[in-house]
Amino acid sequence: MFPPILLEILVLVTGFVLLLAESFSTSTSKRSLASIGIFSLGWVFALSFFVSSAPAAVDAGSYWNFYSADSVSLLFKRIALLTTMGVLVMALDYESVLAKNIPSSRPGAGTGEFFILPLFTCAGLMLLASAVDLVLAFAALELVTISFYVMVAYMRRSHASLEAGVKYLILGALSTGFFVFGITWIFGITGETHFAKIALKMASVQHSDVAILFALVLVLVGLGFKVAAVPFQNWVPDVYQGAPTPVTAFLSVGSKAAGFLLLLRVLEPFLGVSSLAPKILLVLAFLAGATLVFGNLAALPQNNLKRLLSYSSIGHAGYLLMAVACVGTARSGFGSVGSTVGFYLFAYLLMTLLGFIIFSLVSTHSKGEEIHHFNGLAKRSPLLAFGLLVSMSSLAGVPLTAGFYGKFLVFAQAVNSGHWVLLSLGVVTVGAGFYFYLRVVAAMYWNEPSESAPIPVSFLTKTVITLLVAGIFFFGINPKPVLAAFQQTAIQSAKAPSH
Amino acid sequence: MNQLTLNHYLLASGLLFALGFAGVLLRRNIIIIFMCLELMLNASNLSLVAFSRFHVGADGLPNYNAQVLVFFIITVAAAEVAVGLAIIVALYRARQTTHVEDIQSLKF
Amino acid sequence: MLTTLLLVPIVVAAALFMGMGCRRWAKYSALFQLVLTLLLWLGYNQDKGGYQFVSSSGPLFPGLDLSYSVGVDGFSMVMLLLTALVTVAAVWMSPVIESRSNLFDGSVLLISAGATGAFVAKDLFFFYAFHELALIPTFLLIGFWGSGERQKAAWKITIYLGLGSIILLIGLADLLLSIPEAHRTFDLQKLQEVAASHLIPAVAQVRPWILLTVGFGILISLFPFHSWAAPAYASAPTPVAMLHSGVLKKFGLYGMVRLVVPFLPQAFTQPVLGTWTAQDLLLAALLGNILYVGLVTIAQKKLDYVIGNSSVMHMGYIFLGIASLNIVGLSGACLLMFAHGLSAAALFAICGALREREGSLSFERLGGAAKTIPFLGICFAMATFASIGLPGFANFASETMVFFGGFNPGASTFMKTTTILSLWGVVISAVYMLRAYKAVFLGAPTNASLKWTDLEGTAKFALALLPIALLFGGFFPRYFLSYLKPTLEAALR
Amino acid sequence: MSPILFWIFAALMLAFGVSVVVNRDPVASALSLVASFLCLAALFVGLDAFFIGVIQVLVYAGAVMVLFLFIIMLLDLKAEKRRHFNKLALAGGALVTAGFVAGLVRVLSLYPAGNQPFPPLGVAKLDDVRQVGMTLFSNFNLPFQTVGVLVLVASVGVIVLSRRELK
Amino acid sequence: MESFLAWLILLCPLASAALILSFAHESKALSVKISLGAVGVALAATLFLVFNQGVCQSSFTWIDLGPALRLSIGIKVDALTRVMLLVVTGIGALVHVYSTVYMEEDEGKARFFGSLSLFMFSMLGIVLADNLAMMFIFWELVGVSSFLLIGHWFSKESAAKAANKAFLTNRIGDFGFMSGILLVWAATGSVEFSGIQAGLEKLTSNPGLLTLAGLCLFCGAVGKSAQVPLHVWLPDAMEGPTPVSALIHAATMVAAGVYMLARIFFILEPSATALTVIASIGAITALMAAFMATQQNDIKRILAYSTLSQLGLMVAGVGVGAWGAAMFHLFTHAFFKALLFLGAGAVIHAMHHEQDIWKMGGLRKSMPVTFLTFAIGTLALTGAPLLAGFFSKDAILLAAWHKNTLVFGAALLTSLLTAFYMTRLVVVAFLGGPRTEAAQHGHDCPAAMTVPLVILAALSAIAGYEFFAKSIFGAEIFHKVHEAEHASIVPTLAISVFVIGTLGAWLVYKGTSVAKPAAKMTDLPKDPVVIPLFANKFYIDELYAALIAGTQDTLASLSGWIDRVILDGVIVRGIAGITWGAGYALRLLQFGNLQGYAFLFGTGVVVLLYLLTK
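Residue numbers (my numbering), protein chains in the order written: chain A, 1 to 499; chain B, 1 to 108; chain C, 1 to 493; chain D, 1 to 167; chain E, 1 to 614.
These aren't lab readings, by the way, just hints derived from the structure by calculation. A virtual CB, placed ideally from N, CA and C, is assigned to each residue, including glycine. Be a bit skeptical, because a hint or two may be false.
To be verified - Derived pair list, reagent style EDC-like, types lysine to aspartate or glutamate, alpha-carbon separation capped at 20 Å:
no., chain 1, residue 1, chain 2, residue 2
1, C, K371, E, E201
2, E, K614, A, D209
3, C, K190, C, E489
Stated by the list, open to error - Beta-carbon label-pair distances, calculated as ranges:
no., chain 1, residue 1, chain 2, residue 2, range
4, D, R130, A, L6, 26 to 36 Å
5, E, N206, C, A196, 36 to 46 Å
6, C, P224, A, W43, 52 to 62 Å
7, C, S482, A, S274, 50 to 60 Å
8, E, G66, A, S274, 47 to 57 Å
9, C, L421, E, A272, 22 to 32 Å
10, C, T4, A, S27, 20 to 30 Å
11, C, T413, E, V565, 29 to 39 Å
Please take these sequences and the hints and turn them into a complete structure.
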């Protein structure tokens with residue numbers, strides 16, 4: 001059994017080594033960097049099953065105060081690793097587009113860092129997964145955010161990429177401002193930054209409700225931005241559309257997963273306080289409802305698939321928030337909210353990644369992102385079409401796919417908590433979802449292609465697609481491997497503070 | 001007036017924060033907007049330091065955890081400025097503008 | 001055994017999707033399904049009753065009793081037989097497909113597999129999930145290979161059913177959560193025992209009742225959620241229309257009997273809307289199916305729409321049987337599911353065969369076809385007779401039970417009135433079905449119809465299976481009831 | 001810190017803050033920013049956070065302002081010809097800001113701890129640097145390392161984004 | 001033994017139908033053999049039962065749901081059953097024989113015989129049924145077989161229409177019948193005749209319910225026996241082949257209603273209201289149909305209306321409490337009406353499917369056997385003394401005389417009219433000279449057709465006599481026939497109306513029998529109101545057509561419109577449209593301006609702030 005921090009260290013070391021290699025190598029092709037990255041991450045992923053998982057003890061040695069390696073953290077680390085691997089695979093296929101959009105004298109130059117930065121992002125996500133202290137959480141979150149700033153704006157010849165970069169930068173910094181202000185207040189009220197200690201303080205010390213709620217609003221704003229909750233979602237469609245597709249996928253999965261994990265961890269100490277919990281949950285429900293409706297309905301008239309997926313990403317944030325809004329109020333049953341969110345994110349990882357990989361391939365090849373560029377894909381490239389079909393079905397929540405399980409759990413949580421208004425919004429949005437997701441399927445299967453040549457797909461990509469499809473079905477039938485992580489989880493419900 | 005309380009600092013900090021936020025909403029030059037964001041971050045720092053001084057520990061020292069956090073925030077802000085300005089420069093090179101109304105091609 | 005039954009069509013479908021195999025594979029798969037189902041049917045010990053051929057994977061969900069487990073009791077056995085019969089007829093009668101026929105056949109098999117799965121599932125989750133397996137294939141099939149306004153119809157059915165299933169999902173969750181935690185399980189067999197101990201208080205039954213009834217109701221095309229059905233069936237390719245109206249739609253009814261009746265019996269008598277009880281509302285809705293949709297059917301001028309609407313109308317009878325909440329009505333309803341499945345499938349099959357011969361199915365362009373295509377004519381006549389409830393066919397036996405059930409001495413006045421009014425529906429259905437039969441098969445042959453050729457070879461046998469099964473059921477309803485009775489008695493306990 | 005000093009520095013800080021927001025000339029804005037931060041540093045010192053005050057001066061006056069000015073020069077940004085605040089933006093911005101301030105004031109008024117004076121320190125003389133350093137390198141080592149990586153990423157990013165011509 | 005025979009009677013025709021329809025539908029000869037064999041066996045078994053006065057009861061369960069509901073297919077042979085059995089199998093057998101020739105050239109002969117066997121099965125089922133549910137089953141089945149047989153020549157638009165009409169009209173009656181069964185079942189807990197009888201007091205304790213149940217059950221008879229207002233199908237049913245008309249639409253199926261009423265008389269008896277209604281409907285039917293018959297030109301239609309009228313008489317008989325008399329009339333009527341139809345069939349056959357009596361004439365000479373038998377039939381029907389009809393009609397009249405003067409009057413008038421229109425038929429068709437080419441070349445048919453005529457003529461002559469009828473009816477039922485106290489005025493009146501009617505028609509129509517161009521032959525006397533009213537069947541068909549168009553079709557198109565426009569268009573599409581529109585509107589929030597986004601962001605913050613800290 002290895003110490004869990006080894007995982008982050010290995011990822012970072014890989015990053016350093018590749019950085020050095022990039023600067024000293026004379027080779028024009030940077031593809032091998034990505035391959036090494038994927039390979040290493042794969043090893044780290046494998047290793048993650050052999051680390052000793054242990055939750056952080058509050059008063060253990062100073063170094064580990066902030067770092068928890070419970071099974072939930074491990075699950076999220078794995079999510080991060082898988083996402084990054086997927087992103088790197090996509091990045092390989094995306095190289096041609098990238099090279100065209102970087103001002104350089106030689107093709108392929110300047111792409112190297114694009115393959116390396118995700119490793120650092122990944123490390124940031126992994127650290128975030130383990131962070132049980134606001135300081136580490138802040139540091140790790142900013143590591144992730146800053147690397148995203150760079151990656152989003154990476155294609156300097158593409159006006160869209162730059163515009164997305166600037167928008168993300170400004171709004172991201174704005175949200176960071178709020179987040180930091182919120183942290184400040186939390187610290188100010190409790191005098192602590194460690195979640196568990198905050199919880200203890202909340203349970204024992206007299207405090208001012210209004211001040212705490214003020215702090216929480218600010219934190220919620222910051223995290224709401226990360227998870228794309230309405231009304232802090234504005235950046236999402238524009239940035240997703242402008243960013244290089246692999247980065248979009250990364251943002252959509254990684255950033256969101258991080259945001260939700262942090263949201264749960266931050267809220268946990270406060271939901272235990274009976275005078276606060278109803279108000280917090282009300283706000284969460286409000287956010288959830290707005291997010292659900294906005295994300296899913298605004299996607300209806302969308303013709304650009306990438307933008308459609310970004311609205312869809314908002315919509316899914318809505319479902320996740322719906323689950324979060326159930327924290328602590330539920331009659332018992334159907335596992336914890338944490339497990340619901342965790343599984344949903346995991347499922348979301350599989351299906352979104354699959355969708356983006358195929359989208360990236362097809363849009364690169366047919367030079368367009370509109371839905372009509374996917375016309376007749378079933379005839380041109382059946383595998384891609386089937387993959388996208390599975391991805392869209394899963395996103396829409398068709399049973400026997402992982403996406404359905406996620407949605408099932410969310411709805412069950414909401415029923416359990418009696419959120420009937422949210423549920424009725426949920427019904428409408430699921431209906432809308434069926435429409436816009438299946439529009440893609442309809443284009444692929446009903447329409448005739450404008451050109452018949454199949455789209456070339458590398459072996460690696462094919463393998464990844466197959467694995468993702470298999471994963472979607474497997475976890476759509478048997479969610480146990482993922483859910484098991486939450487059996488002895490810290491994020492249970494507010495009723496039982498973790499330590 | 002005679003004795004400084006925590007609220008004095010918090011109010012000052014809050015006003016600075018609001019000022020920064022107002023700047024973000026009003027100014028159209030991205031660089032200025034970015035400066036305003038720095039104002040907001042530093043407003044938090046003021047609060048944090050005030051809280052740090054407020055939470056005197058059993059050992060009679062201010063709560064240094066908060067000061068460390070301030071240190072991190074300053075560092076992060078600096079890094080953010082660096083990257084942000086690089087992006088702005090890249091934007092300027094490509095589009096010869098740093099105005100927000102010139103970058104709204106991505107919409108709806 | 002049951003897993004094999006389920007996996008064979010899925011595997012064959014997968015193979016077909018990957019471009020392997022050909023149409024014959026699909027046909028053999030369907031045949032295999034029928035043979036295996038018949039073996040199961042004969043192997044099922046109806047004296048013992050209960051779930052048999054059970055196998056389970058062990059829990060799949062930490063903390064919850066959810067597992068992949070299959071098993072059949074008498075009721076699911078009957079539904080399984082229906083599935084197998086209709087599948088064989090659908091696959092073997094399937095029209096010639098020029099474009100991407102592998103995808104077509106594979107999708108059809110998937111629909112069948114979905115239905116099979118829903119009926120063999122012994123776990124609530126998989127019961128629900130398998131039903132939805134058909135959603136996407138249906139969408140693809142109607143949209144690409146359908147006729148008329150196919151894309152519009154495909155969208156409509158998909159979104160409508162999608163909405164229905166999500167409401168249903170919420171209802172199922174609500175139902176499960178209403179059960180005290182110690183008894184909560186996804187296992188249908190255990191649920192049956194739980195239901196028998198009536199753990200849900202009467203007042204708490206109303207909300208899940210409404211959710212489930214609306215959810216299932218949408219899937220079953222209960223009035224006023226029926227408007228998706230007729231256009232979808234009219235546009236759908238023949239096998240889809242057959243499987244969907246014949247088998248898949250029964251899923252909702254199956255669910256009503258499996259879940260609503262045993263768990264929420266007291267909800268029926270709880271006031272919901274003013275002084276109207278849940279039962280009253282259901283009765284009003286089913287009258288909408290029988291009388292209103294019946295009249296709508298009379299107004300149709302195309303064969304496919306007549307049959308599509310008639311299929312909606314007949315759901316009313318099944319609901320009447322369910323609403324009566326007694327063994328007589330419930331048995332009638334269950335047998336009627338079987339009977340209606342076969343007769344609707346037969347009608348759609350013939351409708352499809354006619355469409356292959358004549359593009360439009362509007363009455364003014366058809367006539368006198370019995371001269372040139374007597375076999376289809378006879379089958380159509382038999383299916384018509386069956387569907388309008390003539391003795392000799394299973395439909396009659398079951399409708400009789402439904403009426404007796406609805407008119408049982410303990411029934412409320414509204415219930416009895418509804419039964420009598422439903423009885424009038426039998427007249428209505430005779431009006432439109434005979435009108436349709438006359439318009440298509442009787443009278444002077446049209447020029448076009450003189451060139452038609454009758455069904456050939458295996459397709460003939462495949463089609464004939466359906467009326468034969470109907471006759472069998474009509475003559476020996478007891479045989480089927482011996483399968484159904486233990487389940488239904490348990491459900492009513 | 002004596003209240004007088006607090007009032008002076010706080011007022012100056014806010015005044016320069018206003019100047020950042022309203023100044024037409026970017027250079028003036030940048031200089032106001034630094035001035036504001038210097039006042040902030042003074043407030044830090046007044047709160048016995050000497051080390052942080054020093055860092056504030058070093059980082060902002062020394063690095064960040066230079067960076068801003070450098071970029072302003074590099075891009076050759078001119079002062080805006082006229083102060084064209086969009087009326088709508090002005091109204092909206094004012095409204096939102098006012099709303100936020102109102103909320104804040106309300107929270108402060110309801111925050112009991114806020115009305116208490118600062119407790120006296122238990123030691124006569126603070127060895128501030130040592131204390132911060134100890135905390136940073138012991139308890140906060142892991143976040144510190146993380147921030148280190150962050151800085152690395154930022155520098156890589158800056159290089160990537162601003163390389164003019166690639167090899 | 002008895003029950004075996006009874007089952008044999010029931011199942012033989014079923015087996016025949018199944019065999020013919022599934023295997024022998026390609027071979028005419030084989031199907032004829034099978035069918036004849038089946039009916040022969042049935043007849044033989046029936047004769048055995050009749051002569052041995054066999055009684056039996058046996059059943060097997062069809063639907064078994066424990067105490068809640070148990071429906072069985074059961075047979076019960078008693079005196080009443082035996083009478084009907086004999087009528088059905090006897091006439092059935094004759095019609096089968098007759099049909100072998102009559103349908104010789106028809107390409108659907110196999111189908112015809114299959115359907116005929118199916119009919120035999122269904123009809124025998126009604127007769128043998130020991131419970132209402134089973135009776136209902138076979139009730140419906142005779143409807144089907146009648147549908148198949150009426151629509152035998154389905155390529156003919158009118159035949160297809162008539163088949164549908166017959167079926168649907170019957171369905172309406174069956175709706176009432178089933179409702180009645182449900183009412184009775186709900187009250188007494190049984191559908192078996194014996195069970196109902198046992199639980200009858202539960203029903204009689206509630207007179208309103210009793211009357212309702214009785215009338216609902218009667219609805220079935222109204223449909224099947226073509227009573228007003230559901231009589232419209234029977235004349236149209238003449239589109240079927242003539243043997244079918246003879247068997248189904250004259251002798252047996254249409255009489256099933258009367259048989260059913262006799263069976264359930266014990267339910268009707270306690271309700272005076274129900275009986276009065278039944279008597280009135282019967283009387284009205286009898287009278288109306290007789291009026292209509294006087295102005296028909298189609299030989300089969302005249303007979304059809306006559307059937308209607310006689311059925312009305314029988315129903316009126318039941319209504320006045322004389323179910324025995326009604327059954328007796330049913331019995332005799334079956335023979336002479338079958339005879340008349342088969343005779344008409346012979347004429348039609350000979351005339352190459354000409355049915356207009358005005359295109360006949362003088363057939364007396366060319367078709368002597370047919371004429372002779374037809375004349376016997378006519379006399380029997382019109383109530384000529386010493387023939388069968390006289391006795392049975394007399395029994396009904398007698399009962400009515402004691403019970404209900406109005407009914408009696410109607411019945412008497414009906415008899416008068418019957419004598420009139422039948423004489424008119426005979427005079428116009430058979431006497432005088434031939435009016436057309438075809439009529440000149442008439443000829444008697446082959447033996448297979450004439451022998452049944454002769455047999456039936458013989459039976460028509462003797463069926464009314466006590467020695468014959470009693471041997472078949474059995475003593476205890478025959479006693480019911482003549483329950484009513486004798487009143488000598490009744491036969492006197494009956495004979496006088498017979499004489500008046502016959503003479504009247506003779507006088508009116510004998511002049512027309514001189515060979516004249518057919519085109520000029522019209523009915524006499526001229527009258528602008530009454531005659532068209534009779535000729536057009538009181539415009540009831542038109543009334544119904546208008547009624548259906550006015551209610552059902554309007555409702556249907558209204559519902560169709562609501563479904564299409566309101567439900568699907570406005571509601572479903574409206575909801576979809578609103579959702580889509582909302583999506584479109586929400587999308588506009590993504591207007592691309594960074595500061596706008598920041599503003600929204602800030603608004604969000606403020607809103608949350610107020611939500612939480614308010």
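*C:T413 and E:V565, beta-carbon distance inside 29 to 39 Å?*
holds, 34 Å
Taking the beta carbons of C:L421 and E:A272, is their distance inside 22 to 32 Å?
-> The hinted range 22 to 32 Å holds for C:L421 and E:A272, with Cβ atoms some 29 Å apart.
Notebook entry, point to check: Does C:K190 pair with C:E489 here, judged by a C-alpha cut-off of 20 Å?
Noted result: Satisfied, since the Cα-Cα distance of roughly 15 Å is no more than 20 Å.
>> Against the 20 Å threshold, does the CA-CA distance of E:K614 and A:D209 hold or violate the hint?
In response: Holds. E:K614 to A:D209 sits at ~11 Å (cutoff 20 Å).
Query raised in the report: Is 36 to 46 Å right for how far apart the beta carbons of E:N206 and C:A196 are?
Result: holds, 37 Å
Self-check item: Outcome for the supplied range 26 to 36 Å, where the beta carbon pair is D:R130 and A:L6
Solution: holds, 32 Å
- With 50 to 60 Å as the target window, see if C:S482 and A:S274 comply at their CB atoms. holds, 58 Å
Does 47 to 57 Å hold as the CB distance between E:G66 and A:S274, or does it fail? holds, 56 Å
- Query: Using the C-beta atoms of C:P224 and A:W43, is the stated range 52 to 62 Å upheld?
  - Reply: holds, 59 Å
Check your understanding: Are the Cα positions of C:K371 and E:E201 separated by 20 Å at most?
Key -> violated, 55 Å
Checklist entry - Between C:T4 and A:S27, does the beta-carbon spacing fit 20 to 30 Å? => result The hinted range 20 to 30 Å is violated for C:T4 and A:S27, with Cβ atoms some 54 Å apart.
Violated hints, listed in ascending order, are 1, 10; each of the other numbered hints is respected by the structure.
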